[in-house]
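> Protein chains in written order, with the numbering used here: chain X, 1 to 287; chain P, 288 to 596; chain H, 597 to 843.
Possibly wrong hints are sitting among the right ones.
Stated by the list, open to error - Here are the computed distance ranges between Cβ atoms for each label pair:
1) X:Leu183 x P:Ala412: 51 to 59 Å
2) X:Pro125 x P:His359: 55 to 63 Å
3) H:Phe803 x X:Gly184: 35 to 43 Å
4) P:Trp290 x H:Arg736: 23 to 31 Å
For the record, the hints were derived by calculation from the structure and aren't laboratory data. Predicted, not measured: the structure shown is a model, and the values here were computed from it. Cβ atoms here follow ideal geometry from the backbone N, Cα and C, with glycine treated the same way.
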Amino acid sequence: MFASAAGVLFDGFAYGMLLFLLSVGLSVTLGMMNFVNLAHCSFAMVGGYTTVSLMTKLGWPFLATLPMAFAAGAAVSLLLEKTLYRRLYRATDLDQCLLTIGIVFVSIAVFAWFYTTEQQSIRVPEYLQGSVHVAGMSFASYRIFLVVIGLATTALLIFLLERTRFGARVRAAVDNQRMARGLGIDVDRAFMITFALGGGLAGLGGALSIQVVGLDPTFALSYLVYVLIVVAVGGLGSIGGSFAAATVLGISDMAGKYYFPWLGAFLIYLVMVALLMWRPAGLFGKR
Amino acid sequence: MRWHPLEIVFWLCTLLPFVVTPNYLSLASQIAITALFALSLDLILGYAGIVSLGHAAFFGVGAYSAGLLAKHYWGEPLSGLIVAALAAGLVGYATSHIIVRFRHLALIMLTMGLGLLLHEAANSASALTGGVDGLQGFKVSSVLGFRFDMFGRTAYAYSLAVLFICFLVSRRIVHSPFGLALRGIRENGTRMAAIGAPSRAHLRKAYTIAAVMAGIAGALLTHTTSTVSLEVLSFGRSADVLVILILGGAGRLYGGVIGAIIYMVARDQFSGINPQYWYFWIGLLLVAVVMFLPNGILGGLSALYKKSQ
Amino acid sequence: MLSTRNLSKSFGSLLVAGNIDLDLPQGVRYALIGPNGAGKTTLINLITGMLRPDAGEIRLGGEDITSFRPEARVRRGLARTFQINTLFPQLTMLESVTLAVLERNNDSRIWWRRLPAYRPAIDEAHQIIGSLGLESASLRLTRELAYGQQRLLEIALALATRPRVLLLDEPAAGVPKDESAALFSAIAGLSQELTVLFIEHDMNVVFRFASRILVMVGGRVLVQGTPEEIAHDPKVREVYLGKKHVA
Numbered sequence: 001m002f003a004s005a006a007g008v009l010f011d012g013f014a015y016g017m018l019l020f021l022l023s024v025g026l027s028v029t030l031g032m033m034n035f036v037n038l039a040h041c042s043f044a045m046v047g048g049y050t051t052v053s054l055m056t057k058l059g060w061p062f063l064a065t066l067p068m069a070f071a072a073g074a075a076v077s078l079l080l081e082k083t084l085y086r087r088l089y090r091a092t093d094l095d096q097c098l099l100t101i102g103i104v105f106v107s108i109a110v111f112a113w114f115y116t117t118e119q120q121s122i123r124v125p126e127y128l129q130g131s132v133h134v135a136g137m138s139f140a141s142y143r144i145f146l147v148v149i150g151l152a153t154t155a156l157l158i159f160l161l162e163r164t165r166f167g168a169r170v171r172a173a174v175d176n177q178r179m180a181r182g183l184g185i186d187v188d189r190a191f192m193i194t195f196a197l198g199g200g201l202a203g204l205g206g207a208l209s210i211q212v213v214g215l216d217p218t219f220a221l222s223y224l225v226y227v228l229i230v231v232a233v234g235g236l237g238s239i240g241g242s243f244a245a246a247t248v249l250g251i252s253d254m255a256g257k258y259y260f261p262w263l264g265a266f267l268i269y270l271v272m273v274a275l276l277m278w279r280p281a282g283l284f285g286k287r
Numbered sequence: 288m289r290w291h292p293l294e295i296v297f298w299l300c301t302l303l304p305f306v307v308t309p310n311y312l313s314l315a316s317q318i319a320i321t322a323l324f325a326l327s328l329d330l331i332l333g334y335a336g337i338v339s340l341g342h343a344a345f346f347g348v349g350a351y352s353a354g355l356l357a358k359h360y361w362g363e364p365l366s367g368l369i370v371a372a373l374a375a376g377l378v379g380y381a382t383s384h385i386i387v388r389f390r391h392l393a394l395i396m397l398t399m400g401l402g403l404l405l406h407e408a409a410n411s412a413s414a415l416t417g418g419v420d421g422l423q424g425f426k427v428s429s430v431l432g433f434r435f436d437m438f439g440r441t442a443y444a445y446s447l448a449v450l451f452i453c454f455l456v457s458r459r460i461v462h463s464p465f466g467l468a469l470r471g472i473r474e475n476g477t478r479m480a481a482i483g484a485p486s487r488a489h490l491r492k493a494y495t496i497a498a499v500m501a502g503i504a505g506a507l508l509t510h511t512t513s514t515v516s517l518e519v520l521s522f523g524r525s526a527d528v529l530v531i532l533i534l535g536g537a538g539r540l541y542g543g544v545i546g547a548i549i550y551m552v553a554r555d556q557f558s559g560i561n562p563q564y565w566y567f568w569i570g571l572l573l574v575a576v577v578m579f580l581p582n583g584i585l586g587g588l589s590a591l592y593k594k595s596q
Numbered sequence: 597m598l599s600t601r602n603l604s605k606s607f608g609s610l611l612v613a614g615n616i617d618l619d620l621p622q623g624v625r626y627a628l629i630g631p632n633g634a635g636k637t638t639l640i641n642l643i644t645g646m647l648r649p650d651a652g653e654i655r656l657g658g659e660d661i662t663s664f665r666p667e668a669r670v671r672r673g674l675a676r677t678f679q680i681n682t683l684f685p686q687l688t689m690l691e692s693v694t695l696a697v698l699e700r701n702n703d704s705r706i707w708w709r710r711l712p713a714y715r716p717a718i719d720e721a722h723q724i725i726g727s728l729g730l731e732s733a734s735l736r737l738t739r740e741l742a743y744g745q746q747r748l749l750e751i752a753l754a755l756a757t758r759p760r761v762l763l764l765d766e767p768a769a770g771v772p773k774d775e776s777a778a779l780f781s782a783i784a785g786l787s788q789e790l791t792v793l794f795i796e797h798d799m800n801v802v803f804r805f806a807s808r809i810l811v812m813v814g815g816r817v818l819v820q821g822t823p824e825e826i827a828h829d830p831k832v833r834e835v836y837l838g839k840k841h842v843a
């Protein structure tokens, strides 16, 4: 009983780390520019398919594809930002919504064309398969890997945000864009870098999620909901908030699937609606 | 408000399918139903400014209400419409209390979340709703003595009549003091508060009316197809109606109808294409509309007209 | 008519309103002046309910409105204009003012009757627009109006609510010289029964219309008095008025 609870907790936490990687970029860029980018999971998809191609067509080892997945996500997000997003920073929520939904649709179709609608799978290296046995419980190695990467990324991001000048600029821009500009901070450049970083992390998340949840062209839409939940609940512009929300969501989802399978995703949506009503700006968001 | 001659021409043209394209009457019914659904969204989106990614919730409630009623041996459609309208209106009224307290991302998320919630609930409550299989095998009896025939004549007449009536109601709303207030809310919420307007009460009312209309549209679908599928509550349907309204042009009453005609006809013509490729073009269209034609087709036409003056 | 007691508000360590006591008798024209950042607009936001105070109370006609929502305060007779035009861009001038009248009468909830049926409301809107000299532009879209006309529309909307107290936030701000005459005659033409508090930087406007002046600095009221008194007050001179304006 306890062992299964611990197992659910751990698996949920690992899943939460994945959601965190997928969501943190969106949270920060939304907090900075208030740009509703519903195409964020398309970046994740780009990363995932990059890994698939590199592994199946070019025979690259799994770990080597991860930086490429990151790069692909970053590149695509930068491209979109430069060509389309930039013009709509002052547009209405609706317009931003529509534009990015349009991009999602296009991305789904493009990947369906090139990769078909089949589920993709990859073979992760031996040392990431199987499980590790500790204190009578077994933990999947891949999930341990996810947790490690998730925590490392969190630490890196916090360091970046709290200890570097770049991070200070980002924090200022999230807090009060007009004042930051007034102080001479190049908000647009800071945003571009942040956006690329966020897109890259999404790409990385997409690559990592293949083993856990699979990959097909509808990923851009199916995981969008979870990402939006993390962002909305955790609060815009907050890394800590995203971390907390992703963890809560991951564990709730696992617990729900394990203990109340007949509820399906109902529990998640209910939690989200309830949390949003209680704290519309998210758990850690600006009021 | 006086009817523009073009409007009269338009509505007369809706009678054409009976004569000109009698083989396409079931498509015409679907277009009318979709147009009604889009019109209901226009009330809250185009006129009040509420961005909803979950409007299918009310469509679905209406569809299922009508289906459940028919399945449990009351197949008369007009009373089915009333039941569906009441059910959807109730759900709309209840959720409106939540919805009107939020804006921006939280609002978008909430509308989406409520839609997803309802979809999941219907999926799980398969004893009631049939789950993934939906509701089937019920019969809808005749409308005012007209049986639902194989050619879809009754279906189209029925859908068109209901659409027209709801359109008249919408037209009246838009040209009423309430309609003006909604536009005020859309234009400047702060100003509305500064003139003492109870914006939230107004929005709740608009949301409820829109829910009623969407529910009626859903019931029409059930009556004309004699099935209810889980898809009526899906995010895809919410997204589709949003695309349709934007395509035609929000806030102009006719945008939903125009958008529905174009979208459904195009989809019918390209129905051989794989669904993904369809979504490629829709996606591209959305991007194009946002970048180049932000007020939709009607907006573009109206701008052209103004330029030519 | 309008009074505040001990009204205070801080944002973190920044005090924007400190223990403000105000007493505006009916019919008086008060000017609120002070350097930028003194908290003048903040005070108006507190009084109208857009900001919630940390402490203090607000009374309108003797009634405690401190806990009232902004819409409720308007219905009790407290109206304001905004420093930055806060209008309905795609509504015509006539539609905007008519809407304000309809809201006041609670007719805005009616969705089954056509707008033209509300002749009295539309006529009243015409009358308000006419009283401000805007009749010729009544059917123009708000966003197509000249800036001075928009400032006047701000006032028209406030007047349509039939207020007892009117708070004007820099009514003359940014209005070019050739349009300011209309604005001044509008302010001069305000009913004597109306209590008016206006924020203004233009000293000509202040000395022309105000019977009493309040000076705010750093979130607090520095001094209040008649224009004569204020003009010669050494504290004020020191803080704010340039020597040019002091006789």
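> To test your reading of the hints: which numbers does this structure violate?
Hints that this structure does not satisfy do not exist here, as all of them hold.
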